[in-house]
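Engineer: Residue-level listing of the chains:
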Amino acid sequence: MHELTIVRNLLRIVEEKARMHGVKQITGIRLVVGELNLVVPETLHFCFEVASRGTVAQGATLEIKEVPLEFQCNNCGHHFSLSSRKEISSGEEGGMGCPHCHGQELEIRAGRELYLESMEGE
Amino acid sequence: MEIKVLTDLLEANDTIAQENHRLLADCGVKAINLMSSPGAGKTALLEKTLSVLKDEIAMGVILGDVSTSRDAERLAGYGITLLQINTRHFGGTCHLDANMIKSALSHFDLNKLDILFIENVGNLVCPAAINLGEDYKVVILSVTEGDDKPAKYPAMFEKADLLIINKIDLLPHTDCNLEIIKKDARLLNSRLKIQELSARTGEGLPQWWEWLRSLCN
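Chains A and B are the protein sequences, given in the same order. First residue of the first sequence? That's 8 in this note's numbering, and the numbers climb one at a time after it. First residue of the second sequence? That's 5 in this note's numbering, and the numbers climb one at a time after it.
By construction, these hints were calculated from the structure, which means they are not laboratory data. Don't take each hint at face value.
[To be verified] Facing chain B, from chain A, some residues (calculated, C-beta under 10 angstroms):
| hint | residue |
| --- | --- |
| 1 | N16 |
| 2 | I20 |
| 3 | M27 |
| 4 | F53 |
| 5 | V63 |
| 6 | L69 |
| 7 | V74 |
| 8 | I115 |
| 9 | M126 |
[Claimed, not checked] When the alpha-carbon atoms are kept at most 30 angstroms apart in a straight line, the in silico DSSO-like pairs for lysine-lysine are as follows:
| hint | chain 1 | residue 1 | chain 2 | residue 2 |
| --- | --- | --- | --- | --- |
| 10 | B | K34 | B | K197 |
| 11 | B | K8 | A | K72 |
| 12 | B | K8 | B | K34 |
| 13 | B | K106 | B | K52 |
| 14 | B | K156 | B | K187 |
| 15 | B | K116 | B | K106 |
| 16 | B | K116 | B | K156 |
| 17 | B | K163 | B | K58 |
| 18 | A | K72 | B | K163 |
| 19 | B | K197 | B | K58 |
| 20 | B | K187 | B | K52 |
| 21 | B | K187 | B | K34 |
| 22 | A | K24 | B | K186 |
| 23 | B | K106 | B | K186 |
| 24 | A | K31 | B | K8 |
| 25 | B | K186 | B | K116 |
| 26 | B | K156 | A | K72 |
| 27 | A | K24 | B | K106 |
Don't be surprised by glycine CBs; every beta carbon is placed ideally from N, CA and C.
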């Protein structure tokens, strides 16, 4: 699970920020997690709960803002999200690339995000 | 109090990855992060590569597995420096990370190497997000895994520099459609190079040798 790697990195960052700002107890953490990372929020919560014990972040509320994958077609400029990935596959079910022009060159415009937006503490 | 942070969660890893990359570049070494599902043929490809190119290209190998040194045993005997990392010592992570590679690099005489292969833990998900300091990401997908994998694992295929479709000798025994693999992999990555080969029979391997040679020029 790379949720654990992410949580370890998160704790390193928040502990340093807490030190910098004289925060003795972190009460809230806000994360932005894009769909491309294939991170499972429940697993992230679980790893955080376990790994934060004994740290300044123990007991903090972890808020995860999920960002869905968004694509842009390099051929016609059409922007679209997905409800399921097979819509962009060129498999026999159809959905040949761009749903608008069937273009075969797409770019990811949103969904890569993986960052700590802010934290609260006292 | 609220503190605005806006820090990437993998920044710590990326910082170390950049250090690794600088060290490798200073020593003139090209590093390849070899990724795939378990059993797709990473070690088999490396076995053939060491056997054929060992007198032509100075190579080193870092092997990542959760446990055992079986891959290292398979690759021993070619006279090259190998290092096996067992991630169970780091908590059993399913991928290598930049910190593990940083420690590993001190085991190699980097000034004597042309290419450093890093065989990642078998996993099509996590390694895509974790930079090691490599120059190239090479993904191996075998025909027995099915042609829906690029669609199911977009992050891995989007970030790859080279896709190797392996086990093409088994194609007659599968329903795998190579055109679907190639189309879906290129959908998010139009610059992706693709090679079709069989590490076992040797079919298609010359294109892999040529690509490796081109890295050393």
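Engineer: State the violated hints by number, sorted upward, taking the hints as numbered earlier in the document.
Structural biologist: Failing hints, ascending: 4, 5, 6, 7, 12, 16, 22, 23, 25.
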